[in-house]
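Add chain L with the ligands to chain Z, keeping to what the hints say.
Here's the letter readout for the chains.
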Amino acid sequence: MTTTHLDRDSHEGRGFSVPLMTPAMVRQSMDNCTKCNVCQVHCPVAGVTDAFAGPKYAGPQAERFRIIDAVDETAPMLCSGCGICTSVCPNDVAITDIITLAKADQVDRAGGIGLGQRLLNRPELIGRLGSLAPWLANGVLANSLFRQIAVAVTGVSRDAPLPRFAGQRFRRWLKHLSQREGPQITYFSGCAVDHYDPDVGIAAVSVLNSLGYKVTVPPDACCSLPMLSSGDFETARPRARKMIELLTPSAGAGQTIVGTSTSCTLTLKSKYAAYLGFDDRQASEVAHAVSDICGYLLEHHADTFAKASARVPKRVLYHGPCQLRGHHIGQPALELLRLVPGITIELSQASCCGVAGTYGYDQEKRPIAVDVGRSLIEQIADSRPDLVICDSETCRWNIEQASGVPCLHPIQVLAQAMELTSGKVFQD
Amino acid sequence: MNYDVVVIGTELDGWVAAARLLELGRSVCIAAPGEGSLHYAPGGLHVLGHLQGQPVTEPYAGISALHDHHPYRLAGADRMHAALSWFDNSPLGAGFTYRGGQRCNSLAVTSAGLQLPVLSSCDHQAGVEQVQGNVMTVLNFSGHRDFPSGLLAAEFIRNGERVTAIAVDPPGARTDSVTIANAFDTMDDPGAWFGDLSAVLPGDTDVLLVPAVLGSKRHRDVIAAATRALDCTVLEVPTLPPCLPGIRLRNACERYIHEQAGTLRRGFRVAGMDADQDRVRSVTGSTGQTIDVSAVILATGGVLMGGLEVDSHGKITEPAMGLDACQTQPLSKVGAEQAVDALHRAGIETDEDFRPRHSGSRPWQNLHVTGRNLAHWNPGAEISAEGVAIVSGWLAAEAAHRELGS
Ligand code: SF4
Ligand code: SF4
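Each protein sequence line maps, in turn, to chains Z and L.
In case it helps, the working numbering puts the first sequence at residues 1 to 428.
In case it helps, the working numbering puts the second sequence at residues 1001 to 1406.
Treat the hints with care, since some could be wrong.
Computed list of lysine-lysine pairs in DSS-like fashion (alpha-carbon distance at most 27 Å, straight line) [stated by the list, open to error]: (1) Z:Lys307 / Z:Lys214; (2) Z:Lys242 / Z:Lys175; (3) Z:Lys214 / Z:Lys175; (4) Z:Lys242 / Z:Lys214; (5) Z:Lys35 / L:Lys1315; (6) L:Lys1217 / Z:Lys35.
For the record, the hints were derived by calculation from the structure and aren't laboratory data.
For reference, chain Z alone in the conformation it holds in the complex:
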């Protein structure tokens, strides 16, 4: 064997450890910009509003002046953080991260963020409150008078696709689960599964179990992404550190940490370093252990799905969420779904559904988010699939609310294809 160009690490004998990108490296990447405008072409927000100058301007271009404190701008706040610009840039400019760092500076200067965003930034807290009495919380959220008051006080959009509280159903299910011994894997469930979307977690653990893994689920905690992407770094910092400590036992034992939320896993993989500068050994170990669940399954178990899938006679529309692009793994869920017999897959022609995390929840940004997502919702209305499939939770809630078509995580379909009844969420 000859190997060119690589210093490989012993990581499963394949791949190698990549140094994490820190804020200094993010900022420096502006020098790679050749002003080719490719990012401008693809930015979904700049495509629908003139109020946002677009990634090239808000990113590398404005950055030159930011370092000498010469810009006074509102532009970066309108960026949704979708990451599409970074994924299309031919020159490795970390555009989204440059803009997010600029947002954080602005937040700092303004002395913090508003109440609405602060609320949105605490999905686990809202989730826990809701979990105490989901029936009461759901009733209150459904009540339009309450929502109107909430809009006025918090700035959270009245029409935002708020999910329904599910209580602690995933954790309760997990408590009663008996697992066989097997290779260990860690499943990072995230706020969405713990409070709103328990079926996704149940499907994930069931699929992993049936592939022979013994699954560890760390205690319920938030990765702090909403805080990071809205620029509230200081509140996020200690929480992110705690999160790393929580995952260190798994990473240290050489386990892979898989997650069903593309944005949470992306945060753990690269955003702690890019935004908070966490590039120490412990943080790197965790970052390198984390993998999107479908990426992991495709890499290690594609054969099983190719052989052992049951028919799933559904017409589905797959929408790869924007945040998946930051993983640089393409659309592994799509490749897995293509192995399932009986399924007919149509692809979303949109690069973003508009909601981009919590962006579409903000009252001011909601109209932009709706415009960004319009083409996807129209495509769904035209083709009327049985199901929409999407890896990211806020996108699912948004798509389901806007289109009226049920929206599932790919792992739920894979659980179905493996005939796992515990993860079953739709009928043939």
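Frame of chain Z; chain L with the ligands shown alone:
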């Protein structure tokens, strides 16, 4: 997961290679660090427009004058023709027409008023012969800097044509090509918008030339609506980059790859490979993922797109696979104009199946190099960018397919 072929890069040569391999039943993954140079392409299939500064009428006949190792010489006229015909009949070439017949160039109108030899182009793109002798109006959107309509009109007038230039406000508040195209894609009734335009359009207009920004998705419908509303011929002229015609072609490529169940991994910059003697086994990206492969096509776009790197001494290297780059002239020793030419002509030398040398005279068995990565051609001086991309991409795909066996 492994793939029969990994195509590295989203240049036209990469899209073509991937599309062809998928048609041949191979599994394909396109892995690319970002988007490629189709965003700058003015549309049209430029095969061989100039030789030693002189316009070329018959590109196939012209190839004998090219360097022995020019990609077209490696291909030969017959295989070149096979590749270009494939493109013409594939969904990627949908809407392209030969104005000068299958083997002859016609001249396309460019935004600077220059006439560019092109083998085929989209039917709604302005050709010189089509517009000559007609009463023309050139439309520009106020504030749109990427379309020098004055230059275009002046050039026509210099040639004795009757031309008026008019400017109107663009739909929407922004004045860049992409935003204007978005506005046309999403406006309720483009016919009504052009209906309003008829108030300022000189009444004797036969042909309206518009910047090629009438949408990125439904531009055909918009152009048809404009033709109906104005009752004259409406033709597009490509703008300066970013260029909608190139972006539309890129979108068509991506759609086709998805339809054919190909895989697209963005953000994948090759950091190295594992090889077993003269066979590549896997490629690894800069974020640490490894993809197992049976064959690799390196379509990373040459110096322009970072597929080849130039250091401060003018030395050219191929960063992904560590291939030897051939440099006919040292960049530091020549003047600016020659330096650009030398930069273009530098690249990877290959055999007729576009396989680079491994050691001695032996080629890599399952590695192919295409497009701007190849040595001994200059897309700017020859006006041959799309032709070489399609020919080398298609032939590399054919070779990889043959090599993979059944
Ligand atoms: S992250 Fe998304 S919204 Fe923000 S500049 Fe980039 S493409 Fe535009
Ligand atoms: S795509 Fe990258 S290089 Fe091109 S303008 Fe945007 S940031 Fe600059």
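*Could you check the structure against the hints above and give me the numbers of any it violates, in ascending order?*
none
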